[in-house]
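Peer 1: One-letter residues, chain by chain:
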Amino acid sequence: MIRMPRKRTLLWSLLVALLLWPVINWGLLHAVWTPDLEACRAARGLGACWGVIAEKHRVLFFGRYPYAEQWRPLLATAIIVGLLAAACRPRFRNPGFAGVAGLGLLLAVLLMAGGFAGLSAVPTKLWGGLPLTLLVSLGGTLLAFPLAVLLALARRSSLPMLRLSATLYIELVRGVPLISLLFMAAFLFPLMLPPDWRPDILPRVILTIAGFAAAYLAEVIRGGLQAVPPGQYVAALAIGLTRWQAMRHVVLPQALRHALPALVNSFIGIFKDSSLISIVSLHELTGALSIALGGDADWRSFYLEAYLFIALIYWCFCFALSRASRQLEQPRPASG
Amino acid sequence: MPFRKQLLRLLPQAVLLLAVLALLLWFGHNVLENLRGRGIRAGFDFLSDPAGFEIGESLFAYDSGQPLWRAFLTGTANTLRVALPAIVLSTILGSLIGLGRLASHAVPRAVCTTLVETLRNIPLLLQLLMCYFALTSLLPEASAAISPMPGTLLTKGGLFLPGWGCEEGACGWSFPEAEGFGVSGGWSLSPEFLAVLIALTFYSAVFIAEIVRGGIQSVSRGQIDAARAIGLRPFQVLRHVVAPLALRAIVPPLGNQYLNLIKNSSLAVAVGYPELVSVANTSLNQTGRAFECIVIVMAVYLALSLLTALLVNLYNRLVALRGTA
Amino acid sequence: MKIPTFRHLLPLGALLAAAFCPPAQAGKTLDAIKQRGNIQCGVSTGVAGFSLPDSQGKWSGFDVDLCRAIAAAVLGDANKVSFVPLNSQQRFSAIQAGEVDILARNTTWTLNRDASLGLSFTGVTYYDGQGFLVPKKLKLTSAKQLKNAEICVQSGTTNEKNLADYFRSVGVKVKPVVFEGFEASFKAFFSGRCQAYTTDISGLAGVRNKEAKNPDDYMILPEVISKEPLGPAVRRGDDEWFAIVRWVGFALIEAEEQGITQANVDGIRAESKDPAIGRLLGTTEDTGKLLGLDREWAYRSIKAVGNYGEVFARNVGPDSVLKLPRGLNNLWNKGGILFAPPVR
Numbered sequence: 001m002i003r004m005p006r007k008r009t010l011l012w013s014l015l016v017a018l019l020l021w022p023v024i025n026w027g028l029l030h031a032v033w034t035p036d037l038e039a040c041r042a043a044r045g046l047g048a049c050w051g052v053i054a055e056k057h058r059v060l061f062f063g064r065y066p067y068a069e070q071w072r073p074l075l076a077t078a079i080i081v082g083l084l085a086a087a088c089r090p091r092f093r094n095p096g097f098a099g100v101a102g103l104g105l106l107l108a109v110l111l112m113a114g115g116f117a118g119l120s121a122v123p124t125k126l127w128g129g130l131p132l133t134l135l136v137s138l139g140g141t142l143l144a145f146p147l148a149v150l151l152a153l154a155r156r157s158s159l160p161m162l163r164l165s166a167t168l169y170i171e172l173v174r175g176v177p178l179i180s181l182l183f184m185a186a187f188l189f190p191l192m193l194p195p196d197w198r199p200d201i202l203p204r205v206i207l208t209i210a211g212f213a214a215a216y217l218a219e220v221i222r223g224g225l226q227a228v229p230p231g232q233y234v235a236a237l238a239i240g241l242t243r244w245q246a247m248r249h250v251v252l253p254q255a256l257r258h259a260l261p262a263l264v265n266s267f268i269g270i271f272k273d274s275s276l277i278s279i280v281s282l283h284e285l286t287g288a289l290s291i292a293l294g295g296d297a298d299w300r301s302f303y304l305e306a307y308l309f310i311a312l313i314y315w316c317f318c319f320a321l322s323r324a325s326r327q328l329e330q331p332r333p334a335s336g
Numbered sequence: 001m002p003f004r005k006q007l008l009r010l011l012p013q014a015v016l017l018l019a020v021l022a023l024l025l026w027f028g029h030n031v032l033e034n035l036r037g038r039g040i041r042a043g044f045d046f047l048s049d050p051a052g053f054e055i056g057e058s059l060f061a062y063d064s065g066q067p068l069w070r071a072f073l074t075g076t077a078n079t080l081r082v083a084l085p086a087i088v089l090s091t092i093l094g095s096l097i098g099l100g101r102l103a104s105h106a107v108p109r110a111v112c113t114t115l116v117e118t119l120r121n122i123p124l125l126l127q128l129l130m131c132y133f134a135l136t137s138l139l140p141e142a143s144a145a146i147s148p149m150p151g152t153l154l155t156k157g158g159l160f161l162p163g164w165g166c167e168e169g170a171c172g173w174s175f176p177e178a179e180g181f182g183v184s185g186g187w188s189l190s191p192e193f194l195a196v197l198i199a200l201t202f203y204s205a206v207f208i209a210e211i212v213r214g215g216i217q218s219v220s221r222g223q224i225d226a227a228r229a230i231g232l233r234p235f236q237v238l239r240h241v242v243a244p245l246a247l248r249a250i251v252p253p254l255g256n257q258y259l260n261l262i263k264n265s266s267l268a269v270a271v272g273y274p275e276l277v278s279v280a281n282t283s284l285n286q287t288g289r290a291f292e293c294i295v296i297v298m299a300v301y302l303a304l305s306l307l308t309a310l311l312v313n314l315y316n317r318l319v320a321l322r323g324t325a
Numbered sequence: 001m002k003i004p005t006f007r008h009l010l011p012l013g014a015l016l017a018a019a020f021c022p023p024a025q026a027g028k029t030l031d032a033i034k035q036r037g038n039i040q041c042g043v044s045t046g047v048a049g050f051s052l053p054d055s056q057g058k059w060s061g062f063d064v065d066l067c068r069a070i071a072a073a074v075l076g077d078a079n080k081v082s083f084v085p086l087n088s089q090q091r092f093s094a095i096q097a098g099e100v101d102i103l104a105r106n107t108t109w110t111l112n113r114d115a116s117l118g119l120s121f122t123g124v125t126y127y128d129g130q131g132f133l134v135p136k137k138l139k140l141t142s143a144k145q146l147k148n149a150e151i152c153v154q155s156g157t158t159n160e161k162n163l164a165d166y167f168r169s170v171g172v173k174v175k176p177v178v179f180e181g182f183e184a185s186f187k188a189f190f191s192g193r194c195q196a197y198t199t200d201i202s203g204l205a206g207v208r209n210k211e212a213k214n215p216d217d218y219m220i221l222p223e224v225i226s227k228e229p230l231g232p233a234v235r236r237g238d239d240e241w242f243a244i245v246r247w248v249g250f251a252l253i254e255a256e257e258q259g260i261t262q263a264n265v266d267g268i269r270a271e272s273k274d275p276a277i278g279r280l281l282g283t284t285e286d287t288g289k290l291l292g293l294d295r296e297w298a299y300r301s302i303k304a305v306g307n308y309g310e311v312f313a314r315n316v317g318p319d320s321v322l323k324l325p326r327g328l329n330n331l332w333n334k335g336g337i338l339f340a341p342p343v344r
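Chains as they are written, first to last, in the numbering used here: chain B, 1 to 336; chain A, 1 to 325; chain Y, 1 to 344.
Worth flagging that the hints you see were computed from the coordinates, not collected in a lab.
Just so it is clear, CB atoms sit at the ideal spot from N, CA and C, and this is done for glycine as well.
Please note that a few of the clues may not be correct.
Said to hold, decoys possible - Listed below are the simulated PhoX-like cross-link pairs for lysine-lysine, each with C-alpha atoms no more than 20 Å apart in a straight line:
1) Y:Lys28 - Y:Lys80
2) Y:Lys58 - B:Lys125
3) Y:Lys136 - Y:Lys213
4) Y:Lys28 - Y:Lys213
5) Y:Lys80 - B:Lys125
6) Y:Lys173 - Y:Lys144
Claimed, not checked - Partial list, computed: chain A residues near chain Y (C-beta under 7 Å):
7) Gly52
8) Glu54
9) Gly56
10) Phe60
11) Thr136
12) Gly272
Hey, can you work out the whole structure from these sequences and the hints?
Peer 2: Dropping the structure here:
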C-alpha cells in the first residue's frame with residue numbers, strides 16, 4: 001500500500017514501551033490480588049486492586065440472584081455459552097441445531113425461573129449479571145430474526161402498502177436512540193395495554209430490543225437479498241415453484257448466507273447495547289456492577305478495577321464472535 | 001382473471017392497513033382509558049409551565065423560572081454541543097487510526113489494530129462510565145489543579161480554558177483561576193461533558209477508522225501503481241489519487257456513523273450530562289407526562305437523523321460527481 | 001394463494017372489537033392481593049434506614065416495616081411482601097401501571113403529585129425537610145455560603161426543584177449536577193465532584209453514616225430549605241385499599257400512644273380493660289370489618305413490626321445507623337406532630 005520509511009522502529013518501540021510501562025506497573029507489578037482491603041488501600045494510586053473482583057465476583061456475575069441458588073444461573077450461562085460456541089462451528093450450521101439451540105435457551109430460562117421440580121421460583125427482578133446480559137441479547141436477536149426477514153421481504157415487495165409500512169417502521173426505529181425505546185418499554189407499554197394486563201419488565205425489554213434489532217437486521221437481510229442474482233428467482237419460478245416456494249427454498253437461503261457475517265456483527269451490537277438496560281434498572285453485567293460496589297463504602301474506591309474486569313468480559317465475548325464472523329466470510333466448502 | 005388478480009394485490013394491503021390501524025387504535029384507546037382511569041392529565045400544554053429545575057450547563061441563558069419548552073431546547077442544544085465536536089474529532093482521529101492500520105511499519109499498525117479491536121468490543125456505556133469515573137475520581141481538586149497548558153486548568157470540576165467574554169459591558173480575555181470552591185473565569189467544560197466527548201470520540205473513531213481503511217483498500221492496486229509510475233510521491237498519491245476515489249466508498253457509511261454518534265450521545269444521561277434525554281427524563285419525573293416527553297425526544301432525534309441524512313446525501317452527490325468527472 | 005375468506009378476517013374483527021369496547025374492570029387491589037398471596041411493595045433501590053437490602057437480599061428499613069405491617073394486617077403474615085426496588089424515575093409509573101400495590105419509597109406528598117399523577121397519598125409517615133451535606137474541610141456554616149458551588153442532586157425529585165427555588169429566593173447562584181440514581185449522586189459527591197450534596201435530611205444522615213468512608217469528615221448544614229412530608233401512596237380509585245394503608249399507619253401511631261409494644265401486645269390484649277385498646281386490638285369491637293379485614297388486623301401489625309416509636313427507633317432513631325432525633329416525628333403529646341385520628 002502506501003510506503004513509509006522503515007527507519008523509525010526504535011523510536012516507535014520506545015514510545016509504545018513508555019506508554020505501556022505505567023499500565024503494566026499499575027496493573028501487574030504493584031497490583032493486589034487478594035481481597036484484602038488494607039493492602040488495597042495501601043496500594044491505592046500505585047497498583048490495581050484486583051482483590052475487589054475476588055471479593056465481589058458473585059454479585060458481579062449474578063446480581064441479586066439468591067446466593068444459595070446461584071448454581072442455576074451459572075449452569076444457564078454455561079448452556080448459553082456452549083450453544084454460542086457451537087453455533088460458530090460450521091458443522092453445526094443446520095436446521096437441527098436451531099431446534100437444539102431453542103431447547104437449550106428454554107432450558108436456561110426455566111433453570112433461572114424455577115418453580116418446578118423442587119427448584120424455588122425466582123422472580124425476574126432478581127435476575128442479573130452475565131446470564132441476564134446473555135438472555136436479553138440472545139433472546140432479543142432470536143425474536144428479532146423472523147420479524148427482520150418479514151420486514152426485509154416487505155420492503156422489497158411490489159405491494160406499495162406493504163413496502164411503505166416496512167420502510168416507515170425500519171426508518172423510524174433506526175432514527176431514534178435505543179434508550180428512548182427502552183424508556184418507552186418501561187413507562188409507556190403498561191399504558192398502552194389494557195389495565196389488567198401487567199407484563200413483567202423483562203419480557204417488555206426483550207421485546208423492545210427485538211423490535212429495535214429487527215429494524216437493523218432487516219437492512220442486513222435486504223442487503224443479502226439484493227446480492228442474490230435475480231436470475232435465480234426467475235429460474236425457480238420457471239421450474240414450477242410458486243413464489244413463496246421460490247423465496248423459501250431458493251432466494252432466502254442464499255440471501256441469509258450472504259448476510260451471515262453481518263448478522264453476527266449485528267448480534268455483537270445487540271450484545272453491547274444490552275448494557276443500556278441497566279438504565280431502566282435491570283441489573284445485567286453493567287448494572288450488577290453498581291449493586292456490587294455502589295452500596296459498599298469500603299470497596300467503592302476500586303470502581304476502575306471492576307469496570308476493567310466487566311469490560312474484559314464484554315471484550316472476550318465480542319472479540320470471539322467477531323473472529324467467528326470473520327471466519328464465516330471465508331468461502332464455505334462446496335457441500336451446502 | 002384480471003379482477004381476481006387485482007383483488008390478490010389489493011386485499012393483503014387492505015388487511016395490513018386495517019390491522020395496523022386497529023393496533024394503533026387499540027393502543028390509543030388503552031392509553032386514554034388508562035389515563036382517565038388513573039386521573040392523569042394528558043396533552044402538550046405543560047410545555048408552557050415553568051420548568052422549576054435548573055440545568056447545570058447551557059449554551060444560552062436558562063433558569064428554572066423559564067417554561068419547559070426552553071428546558072427541552074436547552075437539552076437539544078446540549079446534545080448538539082457534544083455531538084458536533086465529537087463528529088469532527090472522531091473523523092480526524094478515525095482517519096488517523098485508519099491510515100495507521102495501513103501503515104507499512106508494524107509498530108504503528110499493531111498499535112492501531114489493538115486500539116480498534118479493544119474499543120469496538122466494549123460497550124460505549126461502559127467506556128463512558130469508566131471515563132467519567134477516571135475524570136472525577138482521579139483528577140485533583142481545584143486547590144491542586146493541574147495546568148496541562150499555560151492558561152488552562154484541569155480539576156475534578158472540569159477543564160478550564162481561557163475565554164473571551166463580556167461582563168458588565170467590559171469585554172476581554174479572562175483566564176481561569178482557582179478561587180473559592182472551584183475555578184472562576186474563562187470557559188469551563190464540565191467533567192460530564194468531557195467524559196461524553198472523549199468516550200463518543202474514541203468509540204466512533206474506531207468505527208470510522210474501519211470505514212476509512214475499507215475505503216482506501218477499495219481503491220484498486222492498479223490506480224496506485226499507475227500514480228507511482230508517473231512519479232508521484234507517496235503523499236501525492238494519497239492526496240490526488242487514493243483520497244478522491246476512497247471518499248466515494250467512505251461517505252455513505254460515514255454518514256451512518258454520524259447518525260449513530262448523535263443517537264449514542266443519548267447515553268450521556270448515565271453520567272448526568274444534561275442533554276435532551278436527560279432533560280426529558282427530568283421533565284417526565286417532575287410532570288408525570290411520560291408519553292409526551294418520550295414523543296418529544298423521538299421527534300427531535302428523528303429530525304436530527306433526517307437532517308444528517310440530507311446533508312450526507314448532498315455531500316455524497318458532490319463527491320460522486322467530482323469522482324466521475 | 002387463496003383469497004382470504006371471512007374466516008381469515010375473524011381475528012381482525014376481534015381486534016377491532018377489542019379496540020372499541022371498554023376493557024374489563026380491573027380487579028380490586030385487595031382481592032388481587034389475596035388471590036396472589038402477597039403484597040407488591042415499591043421501595044427505593046437502597047436508602048439506608050428506609051429500605052435497604054442486605055447481601056442476602058433481605059430488606060429492612062422504615063418503609064419496609066410499613067409494608068410488612070400492612071401484609072400482617074391483610075394477609076396475616078408479615079413476610080408475604082415482595083419488595084420491588086424502584087428508582088425515582090420509575091416509581092410513579094410503577095404504581096400507575098399496577099406493578100406495585102403500594103409505593104412506600106420516601107416519597108414527598110405534593111399537590112402536583114396528588115392531583116395529576118393518578119395516585120393518592122394515604123398520609124404522612126415521616127416529616128422531613130431538605131438539607132445539605134458538605135465536607136467539613138470546606139469550613140462552611142451556612143448554605144448561603146455555597147455561592148458558585150456545584151451541588152449534587154438526584155433527578156426527578158422534589159429536591160431538584162427545591163434547590164432551584166431556594167437559591168433563587170436567597171439570590172445565590174449555584175450549579176446543580178444532576179444524576180439519575182441515588183447511588184450515582186452520592187458517589188459523585190464522595191468522589192469530590194460536588195462541594196455539597198442535597199436531599200432530605202434523613203437521606204443525608206443515611207448517606208453520611210452509611211456511605212461515607214469516614215462520616216466525621218462530613219457535616220449537615222443547619223438550613224432546612226423545604227417541607228418534605230413523606231408517606232405511602234396507592235393507585236387512585238380504590239378507596240378500600242386506600243383506607244387499609246392509611247389506617248395501618250394510624251394504628252401504629254395509636255399503639256405507641258397507648259403504650260402497646262411488640263413485646264407487650266399479647267399481655268395487654270389478654271388483660272387490658274381499656275375500651276380504646278379493646279377496639280384497636282379487636283378484643284371488644286371488630287374494627288376490621290369496616291376495612292374489609294378481620295378483627296385482629298391491628299394486633300397482627302403491631303405484633304409484626306412494633307408500634308411507630310419502635311419502627312422509628314429500629315430504623316432511623318438515635319441508636320440506629322442514621323442517629324436521627326424524633327423531632328417532629330414524635331407523638332403530639334410529646335412535642336411532635338403525630339396525631340392519629342381515633343380508631344373507632
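Peer 1: Indicate, hint by hint, whether the structure satisfies it.
Peer 2: Status of each hint after checking the structure:
Distance restraint check for Lys28 of chain Y and Lys80 of chain Y: the Cα-Cα separation of roughly 18 Å lies within the 20 Å cut-off, and the hinted pair is therefore satisfied. Taken as a hint, the Lys58 of chain Y and Lys125 of chain B pair is honoured in the structure, with Cα atoms around 14 Å apart against an allowance of 20 Å. For the proposed pair Lys136 of chain Y and Lys213 of chain Y, the alpha carbon gap of about 14 Å is at most 20 Å, so the pair holds. Using a Cα cut-off of 20 Å, the hinted pair Lys28 of chain Y and Lys213 of chain Y is violated, with the two alpha carbons roughly 47 Å apart.
Note on Lys80 of chain Y and Lys125 of chain B: the hinted pairing holds, with a Cα-Cα distance of about 17 Å set against a maximum of 20 Å. Our distance criterion of 20 Å between C-alpha atoms is met by Lys173 of chain Y and Lys144 of chain Y, whose separation comes to about 10 Å. Below 7 Å, beta-carbon pairs count as interface contacts, and Gly52 of chain A has one with chain Y at about 5 Å; its hint therefore holds. At its closest, the beta carbon of Glu54 of chain A sits 5 Å from a beta carbon of chain Y; the interface hint therefore holds under the 7 Å criterion.
Taking 7 Å as the C-beta contact cut-off toward chain Y, the hint placing Gly56 of chain A at the interface holds, the least distance being around 5 Å. Proximity of Phe60 of chain A to chain Y is violated relative to the hint, the smallest CB-CB distance being about 16 Å (cut-off 7 Å). Nearest Cβ of chain Y to the Cβ of Thr136 of chain A: about 4 Å, under the 7 Å cut. The hint holds. The criterion of a C-beta within 7 Å of any C-beta in chain Y is met by Gly272 of chain A, whose closest approach is roughly 5 Å, and the hint holds.
Checked against the numbered hints given earlier, the structure breaks hints 4, 10 and satisfies all the rest.
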